[in-house]
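K.L.:
Chain by chain, the residues:
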Amino acid sequence: MADSSMAASTAGANPRRPLAGAGTSHWGEKLIKVFLALCAAFSVLVTTGIVLSLVFPTISFFGQIPLAEFLLGTTWAPAFAQASFGVLPIVVGTLIVVVTALAVSVPIGLASAIYLSEYASSRVRKVVKPALEVLEGIPTVAIGLFAFFFMRPLAEQLFPFFPWDTPFSIGIAGVAVGLLIVPLVASVSEDAMRSVPAGLREGAYALGASKMRVSMRVIFPAAISGIIAAVVLGTSRAIGETMVVLIAAGAGNPNLTFNWFGSAQTMTAYIGGTATGDISQGTVVYDTIFAVGALLFSMTLVMNIIATRLVRRFREVYE
Amino acid sequence: MPDNGEHVAERTAPGGVDTASPEETPVFSLRDVSVSYGDHLALAGVNMDVNAREVTAFIGPSGCGKSTLLRSLNRMNDLITGARVRGELLYKGADLYAPSVDAVQVRKRIGMVFQKPNPFPKSIYDNVAFGPRTVGMKGDMDGIVEKALRGAALWDEVSDRLRDNAYSLSGGQQQRLCIARAIAVEPDVILMDEPCSALDPVSTVRVEDLMAELKERYSIVIVTHNMHQAARVAERTAFFSVQVDDAGNRIGRLIEAGETGTIFTKPTDKRTEDYISGRVG
Chain X
34 MADSSMAAST
44 AGANPRRPLA
54 GAGTSHWGEK
64 LIKVFLALCA
74 AFSVLVTTGI
84 VLSLVFPTIS
94 FFGQIPLAEF
104 LLGTTWAPAF
114 AQASFGVLPI
124 VVGTLIVVVT
134 ALAVSVPIGL
144 ASAIYLSEYA
154 SSRVRKVVKP
164 ALEVLEGIPT
174 VAIGLFAFFF
184 MRPLAEQLFP
194 FFPWDTPFSI
204 GIAGVAVGLL
214 IVPLVASVSE
224 DAMRSVPAGL
234 REGAYALGAS
244 KMRVSMRVIF
254 PAAISGIIAA
264 VVLGTSRAIG
274 ETMVVLIAAG
284 AGNPNLTFNW
294 FGSAQTMTAY
304 IGGTATGDIS
314 QGTVVYDTIF
324 AVGALLFSMT
334 LVMNIIATRL
344 VRRFREVYE
Chain W
8 MPDNGEHVAE
18 RTAPGGVDTA
28 SPEETPVFSL
38 RDVSVSYGDH
48 LALAGVNMDV
58 NAREVTAFIG
68 PSGCGKSTLL
78 RSLNRMNDLI
88 TGARVRGELL
98 YKGADLYAPS
108 VDAVQVRKRI
118 GMVFQKPNPF
128 PKSIYDNVAF
138 GPRTVGMKGD
148 MDGIVEKALR
158 GAALWDEVSD
168 RLRDNAYSLS
178 GGQQQRLCIA
188 RAIAVEPDVI
198 LMDEPCSALD
208 PVSTVRVEDL
218 MAELKERYSI
228 VIVTHNMHQA
238 ARVAERTAFF
248 SVQVDDAGNR
258 IGRLIEAGET
268 GTIFTKPTDK
278 RTEDYISGRV
288 G
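In order, the protein sequences belong to chains X and W. For the first sequence, our numbering assigns the number 34 to the initial residue and increments by one for each residue that follows. For the second sequence, our numbering assigns the number 8 to the initial residue and increments by one for each residue that follows.
So that you can see chain X by itself, here it is in the shape it has in the complex:
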């Protein structure tokens, strides 16, 4: 049956161009498809590999330390003689950095995005946008040094009445991380605002809306999904940032502290500071870095899920 229909189609009006096709291009297509599928599968495999590499040492860790002690304990001193494995101090350190970084980067980033998208002339935009993107590429080591040698001493000179009890400050590290992610937040949300159809902008201007009103009431809500994506990317970057906090926030205090001005450790800084050459495999300390890594991974995952929900909830769909 299939044969006869094939024959009928090849015996069409133009015998030089059979509909059945010449085998080679068909195989070429298949090959390309397989190759592309493999590339796509590769990143999935790598992610799975990362998760698995975290899972086994983490399981080994929780074989020795109860989950409740890890999650609820308020002293983090895995390498001390009197070892203690309460992760809260470094979770709080991370949260201080993230909240501070967002408090700096979201207002500045969104304001820059609104300026670039709605106020700036195309000439200004052509200069500023690439400059922003270059800023995104500044090595974080440089920013860490800047925070430690410049921002922290300057802050103490300007505000001597705060409890600057060490040369390190988790808060200043957070501000530096915030500066680091301003370009990211600005650039991604500017793209979202620019992609709002020009018709919406014109419609609002034609009703006598001022620039500020068009930006805040029309462009901003229409671009909200992209803006949330920008903030989520910034948050992930702040959670994961290691070098700046390693340099500027110090080795911290084993006990839970909320002192914004003093030294504290973050989860990443703990991992970065501990995973050096002289750590021996199979010890509890070795396993802690994976347990902390797994916790970090879960926190980012939960945040991404919440963000996806938020985007769906607030999205204004045009067309």
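Heads up, some of the hints might be wrong.
Mimicking EDC-like on lysine to aspartate or glutamate, the simulated pairs with C-alpha atoms at most 16 Å apart in a straight line are [as the list claims (entries may be wrong)]:
(1) W:Lys129 / X:Glu151
(2) W:Lys273 / W:Glu263
(3) W:Lys277 / W:Glu263
(4) W:Lys123 / X:Glu235
(5) X:Lys244 / W:Asp171
(6) X:Lys244 / W:Asp109
(7) W:Lys129 / W:Asp171
(8) W:Lys145 / W:Asp85
(9) W:Lys154 / W:Asp109
(10) X:Lys244 / X:Glu151
(11) W:Lys222 / W:Glu242
(12) W:Lys154 / W:Glu220
Partner residues aside, some chain W positions facing chain X, computed with beta carbon under 8 Å [stated by the list, open to error]:
(13) Ala90
(14) Met119
(15) Ser130
(16) Tyr132
(17) Thr141
(18) Lys145
Source of the hints: derived by calculation from the structure; they are not laboratory data. Positions of the beta carbon are idealized from the N, C-alpha and C atoms, including for glycine.
Please build the complex by placing chain W on the supplied structure of chain X, with the hints as guidance.
P.N.:
Okay, now just chain W, sitting in the frame of chain X:
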């Protein structure tokens, strides 16, 4: 005809070309108006008046500058970098482009409806309420919204779903929503830039009927590609065309303006006649 007696549309203008109705000053008076984008002159030497409480149609082939001129009337061209308007463009006797004039205030009086329906991605209610909230209208917002939707002949179709997203409406309904949005702020003038070109014939008829109602309260200027539409809806028609100068630049020109009947049956210019009879364009 139910009218508050304050304004009665003057329909019996004398046969001369381009004179304002004697009772009212024209809404717009244009004297030697030209518009350019950067170095490119898009439209030059336009002289005409637009009467109050009438529909005035701008017709002509693509690139003749009719939309450009329309966008100069409420300073929407300000949004395009490099756009520049020269000459004298008076709105009720006041220079629209005087340095002291705020374009935002101009647009509160002179509304606009666009070629492609462009409702905001918000509820039907919020679309209509956007303008009144922008200009700070006081009073019963529900009443303002209802009045505007009734004015745009859309109320009966949407009264039970005002909280639905505007994009749930059909294209024709969306365009009438945009008209409702424009009249909600009670402007003097409504500019319409090919308002029916994206609509089906049934929706087109509805919008045209609407224009006939709206002109009792508003002055309307409509740009249209459709000559039949101009003939159906407009009291006055202005015909624009493209002239190519020696350097090869294409510049829009107003060829003639006058009563629609005159323009369509006894045009004074050969180019108008050719365009209307379908020989060009």
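K.L.:
Which numbered conditions among the earlier hints are violated in the structure presented, ordered from lowest to highest?
P.N.:
Violated hints: 1, 5, 8, 9, 13, 15, 16, 18; rest satisfied.
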